[in-house]
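Q: Protein sequence lines correspond, in order, to chains X and F.
Using the numbering used here, the final residue of the first sequence is 375, and nothing's skipped along the way.
Using the numbering used here, the final residue of the second sequence is 1255, and nothing's skipped along the way.
Quick caveat, the hints were computed from the structure, so don't treat them as lab data.
It is possible that part of the hints are untrue.
What the hints assert, rightly or not - Below, a list of computed lysine-lysine pairs in the BS3-like style, where the Cα atoms sit at most 27 Å apart:
1. K156/X x K349/X
2. K1050/F x K266/X
3. K121/X x K1102/F
4. K1126/F x K40/X
5. K121/X x K90/X
6. K1050/F x K279/X
7. K1073/F x K1184/F
Only a predicted model underlies this, so the values are computations on that prediction, with no experimental measurement involved.
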Amino acid sequence: MKSAINRGIVGVVLLGMYACASSDSIEPEQPFAPVPYPLKTPYYFGNNFQIPEENPTTVEGVALGRMLFYEKRLSGNNTQSCASCHQQAKAFTDNKQFSKGIEGALGVKNAMSLSNLLWTKRFFWDGRSRSLEEQALMPIQDPLEMHETLENAVAKLQADADYPNKFRLAFGSDSVTAENIGKALAQFQRTLISDNSRYDQYLRGEYQPTEQEQLGLSMFQTHPIPEIGLRGGNCGDCHVGAMLSGELTAFQGFHNNGLDTDETLKSGLQNVTGNPFDKGKFKAPTLRNIALTAPYMHDGRFNTLEEVLEHYNEHVQRSQTLDPLIIEASNEIVINGASIQLHLTHTEKEAIIAFLNMLTDSSFIQNEAFSNPFK
Amino acid sequence: MKTLKYSYLLIFLLFFISCETNSDEVQPTATLEINISHLVNGEPVVFNTKRYFNAVGNEYNILEFKYFLSNVKLRNRTTGALYLVPESYYLVEPTENEHIVKISIPGIPKETFNELEFALGVDNSKNYSIDNIGALDPSSNMAWDWNTGYKFLLLEGKFFPANSSETRGLIYHIGSDANYRILKFPFAAENQNSIVFNANAMIKANFEVEISEIFRTPTEVDFETHNVVMFEAFSRNIADNYANNMFKFLNAVVE
Chain X
1 MKSAINRGIV
11 GVVLLGMYAC
21 ASSDSIEPEQ
31 PFAPVPYPLK
41 TPYYFGNNFQ
51 IPEENPTTVE
61 GVALGRMLFY
71 EKRLSGNNTQ
81 SCASCHQQAK
91 AFTDNKQFSK
101 GIEGALGVKN
111 AMSLSNLLWT
121 KRFFWDGRSR
131 SLEEQALMPI
141 QDPLEMHETL
151 ENAVAKLQAD
161 ADYPNKFRLA
171 FGSDSVTAEN
181 IGKALAQFQR
191 TLISDNSRYD
201 QYLRGEYQPT
211 EQEQLGLSMF
221 QTHPIPEIGL
231 RGGNCGDCHV
241 GAMLSGELTA
251 FQGFHNNGLD
261 TDETLKSGLQ
271 NVTGNPFDKG
281 KFKAPTLRNI
291 ALTAPYMHDG
301 RFNTLEEVLE
311 HYNEHVQRSQ
321 TLDPLIIEAS
331 NEIVINGASI
341 QLHLTHTEKE
351 AIIAFLNMLT
361 DSSFIQNEAF
371 SNPFK
Chain F
1001 MKTLKYSYLL
1011 IFLLFFISCE
1021 TNSDEVQPTA
1031 TLEINISHLV
1041 NGEPVVFNTK
1051 RYFNAVGNEY
1061 NILEFKYFLS
1071 NVKLRNRTTG
1081 ALYLVPESYY
1091 LVEPTENEHI
1101 VKISIPGIPK
1111 ETFNELEFAL
1121 GVDNSKNYSI
1131 DNIGALDPSS
1141 NMAWDWNTGY
1151 KFLLLEGKFF
1161 PANSSETRGL
1171 IYHIGSDANY
1181 RILKFPFAAE
1191 NQNSIVFNAN
1201 AMIKANFEVE
1211 ISEIFRTPTE
1221 VDFETHNVVM
1231 FEAFSRNIAD
1241 NYANNMFKFL
1251 NAVVE
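Here chain X stands alone, though its shape is the one from the complex (with noise of 0.2 Å):
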């Protein structure tokens, strides 16, 4: 007795001295050693990233995020989670025009695909967010989506048998908190990371594309210049480089695409900076798995490929805001005051869509480790 109370002792005194825990704490059996998470990223993506010092990817915090993503308890009703409307399967879309909430109400916009948010700066349709980790906790309580408080999500985490224990392991703390689950959906976010669709083994030399995906791909990166007879579909002007999105600069990436005119045109990115020059701007985004992420545009107004590329081609509308690389988009030369319209070809456009195809990563949407974790 007495020797088990020296050895009692003894031990309150080593814990007290290596790791400042009370006498009544059980050691716990794996320490808190967060791994670095190995994100492999393509060298023709560049490194115009940056991950927040203060949330470093590890394997344990991508771990968590993962089980976070696919938690319904987040929602107010435990029946939604972030993968309700961000389906692997569908490239992180949900094929909806607008996604229904846990009460039953649509949103306003349609759900973004989700892929190399890694380089992403800025997020959802009006570029509201400037992180993941902010952005992450939105949607948990937008009355019109998860509709649940960050407390009561806290909360039914904490009373989880498995979940204290693996925030501790990401964060070296039992205790759950609301910026820790951001921390968390955004290390797992930042791992969705496509980069094997033919496009991409095409740009590393490992696949010849057919003659249509090469017309297709000259035809997407080119803005038509019909004086000098250089034909194009003026695509890559908004969806820059190898990832085929907005240009990553301040709100550069966002552009007004002729959807409406100055009357019904929605505020977009004027809602964040309060410029009505920035009015019916929209977050240009990835074409990357297009083909799987239909309907189209931000209020999901157009069902097929073939739909956007005739609004590019002959409906596109003027208003203040019109981005001018639209305006001057035109394969035949522009009369002051003619409409808009791209003049594309039956055979160009087909060709546009076969390229558009190239951009299904399907080991993307197939890879285990984004997968539900819970089947």
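Got chain X; can you put chain F on it based on the hints?
A: Frame of chain X; chain F shown alone:
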């Protein structure tokens, strides 16, 4: 392990070399700061809201303006001394809130120079590469694609034709090897025509960029015919314009 051995050898060698110059520390260096104030018609550029008129009376505004400044060199034409700032590629982009862009270049060795040189554009060796990083990262929308190279200078805005209520785009995307321009700026008499880049000195080279010069001299541009300039032969005239008078070297100040 092998590299470690080589490192020791290198340190050993360096020690010997530095003993000769009687100093065992890294040589302190000077810093060159290139300050560029971006103007239209002599006033700080205002994006979106301000309407301008070019030399032939076309009304326009500017939404975006950026260009690559690269291959910075300091030279002494008398002694032949030359310092090329390694990997010097800078994407210069004035914004709504800041029309002055500062490029800080540390590591200039102690030397007397009488000329500053840089280029507008991206040289051939970097122009067609897929894996360029830093200022040349392809995500800046300055890369067309990997066969066409970079846009050296991008100016986007709107042109408001006098004869029509419909706005046109004003789009200048100038690139391709032929439009790469090297610009040289001798240090002025007020600096006794040369500047000693002493250790730890800060030398500020102050420039103005008059954006409207892109449309002015030697070729006066009419937007009715040239509101979009990209690959066509006319882009050569635009490159000549921006090389001619767009940069004005105000002075160099030694601090």
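Q: Could you check the structure against the hints above and give me the numbers of any it violates, in ascending order?
A: Structure breaks hint 1 only.
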